[in-house]
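Engineer: Protein chains in written order, with the working numbering: chain A, 353 to 686; chain B, 353 to 686.
Hints should not be assumed to be uniformly reliable.
Since the list gives no way to pick one copy over another, a pair counts as held whenever it fits inside one copy or between any two copies.
[Said to hold, decoys possible] For lysine-lysine, the following DSS-like pairs were computed, each having C-alpha atoms within a straight-line distance of at most 27 angstroms: (1) K497 x K540; (2) K520 x K653; (3) K551 x K609; (4) K609 x K620; (5) K492 x K655; (6) K655 x K671; (7) K562 x K609; (8) K520 x K655; (9) K393 x K440; (10) K497 x K620; (11) K655 x K522; (12) K620 x K492; (13) K554 x K609; (14) K671 x K440; (15) K671 x K393; (16) K522 x K540.
Please keep in mind that the hints were generated in silico from the structure rather than gathered at the bench.
There are 2 protein chains.
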Amino acid sequence: MSITSKEVRLKSRPVGLPVADNFEIAQVQLPAPGAGEVQVKNLWMTVDPYMRGRMMDRESYVPPFQIGEALQGGAIGEVVASEDANFKAGDLVSSMFGWREAFNAPGGALQKLDTHGLPPQTFLGVAGMPGLTAYVGLIKIAALKPGDVVFVSAAAGAVGSVVCQIAKIKGHTVIGSAGGPEKAAFLKEIGVDHVIDYKVEKDLTAALAKAAPKGIDVYFENVGGEHLDAALAVANPFARFALCGMISQYNVTEAPKGPSNIMLAVGKSLRLEGFIVSNHFDMLPQYVAELSGWIQSGQFKWKETVETGIENAPAAFLKLFSGENMGKMLVKLA
Amino acid sequence: MSITSKEVRLKSRPVGLPVADNFEIAQVQLPAPGAGEVQVKNLWMTVDPYMRGRMMDRESYVPPFQIGEALQGGAIGEVVASEDANFKAGDLVSSMFGWREAFNAPGGALQKLDTHGLPPQTFLGVAGMPGLTAYVGLIKIAALKPGDVVFVSAAAGAVGSVVCQIAKIKGHTVIGSAGGPEKAAFLKEIGVDHVIDYKVEKDLTAALAKAAPKGIDVYFENVGGEHLDAALAVANPFARFALCGMISQYNVTEAPKGPSNIMLAVGKSLRLEGFIVSNHFDMLPQYVAELSGWIQSGQFKWKETVETGIENAPAAFLKLFSGENMGKMLVKLA
Numbered sequence: 353m354s355i356t357s358k359e360v361r362l363k364s365r366p367v368g369l370p371v372a373d374n375f376e377i378a379q380v381q382l383p384a385p386g387a388g389e390v391q392v393k394n395l396w397m398t399v400d401p402y403m404r405g406r407m408m409d410r411e412s413y414v415p416p417f418q419i420g421e422a423l424q425g426g427a428i429g430e431v432v433a434s435e436d437a438n439f440k441a442g443d444l445v446s447s448m449f450g451w452r453e454a455f456n457a458p459g460g461a462l463q464k465l466d467t468h469g470l471p472p473q474t475f476l477g478v479a480g481m482p483g484l485t486a487y488v489g490l491i492k493i494a495a496l497k498p499g500d501v502v503f504v505s506a507a508a509g510a511v512g513s514v515v516c517q518i519a520k521i522k523g524h525t526v527i528g529s530a531g532g533p534e535k536a537a538f539l540k541e542i543g544v545d546h547v548i549d550y551k552v553e554k555d556l557t558a559a560l561a562k563a564a565p566k567g568i569d570v571y572f573e574n575v576g577g578e579h580l581d582a583a584l585a586v587a588n589p590f591a592r593f594a595l596c597g598m599i600s601q602y603n604v605t606e607a608p609k610g611p612s613n614i615m616l617a618v619g620k621s622l623r624l625e626g627f628i629v630s631n632h633f634d635m636l637p638q639y640v641a642e643l644s645g646w647i648q649s650g651q652f653k654w655k656e657t658v659e660t661g662i663e664n665a666p667a668a669f670l671k672l673f674s675g676e677n678m679g680k681m682l683v684k685l686a
Numbered sequence: 353m354s355i356t357s358k359e360v361r362l363k364s365r366p367v368g369l370p371v372a373d374n375f376e377i378a379q380v381q382l383p384a385p386g387a388g389e390v391q392v393k394n395l396w397m398t399v400d401p402y403m404r405g406r407m408m409d410r411e412s413y414v415p416p417f418q419i420g421e422a423l424q425g426g427a428i429g430e431v432v433a434s435e436d437a438n439f440k441a442g443d444l445v446s447s448m449f450g451w452r453e454a455f456n457a458p459g460g461a462l463q464k465l466d467t468h469g470l471p472p473q474t475f476l477g478v479a480g481m482p483g484l485t486a487y488v489g490l491i492k493i494a495a496l497k498p499g500d501v502v503f504v505s506a507a508a509g510a511v512g513s514v515v516c517q518i519a520k521i522k523g524h525t526v527i528g529s530a531g532g533p534e535k536a537a538f539l540k541e542i543g544v545d546h547v548i549d550y551k552v553e554k555d556l557t558a559a560l561a562k563a564a565p566k567g568i569d570v571y572f573e574n575v576g577g578e579h580l581d582a583a584l585a586v587a588n589p590f591a592r593f594a595l596c597g598m599i600s601q602y603n604v605t606e607a608p609k610g611p612s613n614i615m616l617a618v619g620k621s622l623r624l625e626g627f628i629v630s631n632h633f634d635m636l637p638q639y640v641a642e643l644s645g646w647i648q649s650g651q652f653k654w655k656e657t658v659e660t661g662i663e664n665a666p667a668a669f670l671k672l673f674s675g676e677n678m679g680k681m682l683v684k685l686a
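Excised from the complex, chain A in its bound form:
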């Protein structure tokens, strides 16, 4: 059937911190699905920091969003009509057609979702890309090994809070950095050993050195800037840094200040390695198997920050940069 759908389009490319006016809401009419197509009504969509990069017109590992077109991103939806024999009305599906209420797409662009009893939106969070990102970064890129002291920045975020918990479940000392008392309390709740509230610390390096008197062996990097300087300063010889993101740098308009102490990487034999989760999807089965066990045993907790309605999707995205989310930031669409 023909239905209407509202979608979020990129109206203009942000310069510096994105603002509401960089986005516009448009309404489109979706025809009934054609042969081989499926019509999907989205239930949940995700907003993630990496999307900021796609709003710039530059070469990157994912192509830039185009002005006047709907944005893209992860979404969980329900099939309402299908002309593909593999899907039927009522099926839950995951797709990259977020930022819109509904869409038509070829069946091949969708993945049927078996929730295994979990809330569907967790597949945009702990059981989805952010969770796998945490797992890949910690286990494969940072090559976590027994006895490592682990430092995590943006530790209360969608990725960071999973990193903290995996490291704690595996028996490590974990130091988490986050901004504000509410996040600090959440980190304590999930077992983080030492919480650094970077908003109150004047000297991040001193705070980290105090929290990690024996140094750090692994740094899970989500923030960049002063956090990277502090991690370099306090790193033990042969420490590994998994470079997942540098959110403090995404909106700068001048050349960002690089880590002035990068030279320490030579003398300490440090390894700094960037990664993109999409190059490591082969680790998903292993992660899901471990995660299921942790969830069933009650060892694993997660938080969501939820905005409601497609009109509020841009605001939800902007809140990632003001640090207003705890755990996964989601938009509930239906």
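The hints should help you fit chain B onto chain A, whose structure is shown.
Structural biologist: Relative to chain A, chain B alone:
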């Protein structure tokens, strides 16, 4: 027998660029060697950039030099008297008792040197620590693989010129950066494909992008600063950076400017890894075996820059930072 020896002592810790007055020459009287000791007259000593770090009073992977004491470093000498049955007069030995004309030491602190027909001083250069550093960084740390385009900074130096040649012998495209026409000519002579004279290039990133239109896959880092920025900018996805040294940063007195584009390491999945050759001495037999073949086949060339006399050792060291050496900087002592 008792002999006199002149040695170079650290008179004061350099602030910024070292100057002649940071050093002093002293004369000592060496008694005849005691039981188990060997008396050695040095023929050659090395000066290396890493020694700058040891002149600072800080924790590092090697302890700092002490004021008023003789400096230390690699040397090749000849035994003049021995009270250790394993050594006899006339033996060539390598030791860490550089910066002095002669010394007494326990036999256990010396290594007997079989030159295999090479000039003895090459064991302070291509056949010694700088050569092994090049090999370890390129083969193990950067994990050189077929088809890699290799960028080398300080490419005409003791380490860099070996990196360039190993990469060329193994069939790679090599881009080398060095300062001045004489070094550029040397790099051409050893087969470097594209030479960047950083002293004449206003925009190092543009110069590198032009020299490497398909990007770089390996960066052998000896310089830091703008060189690191350029390598990050021009790196291909999954490029590996072997961080060997950052000589441009050794004498800065303010906080150095870090790489402002370090964030590219995330999106491009780059790996930056520092290393210290002394953690990789297990690769020496493999390196020596390969090197012997290259030298015998005439594929391998090296240059030395030689100062003469212990009194000129500080000047030789200072020339490392003004870039006046080509290939290995050595001091001939006898």
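Engineer: Could you work out which earlier hints the structure fails to respect and list their numbers in ascending sequence?
Structural biologist: 14
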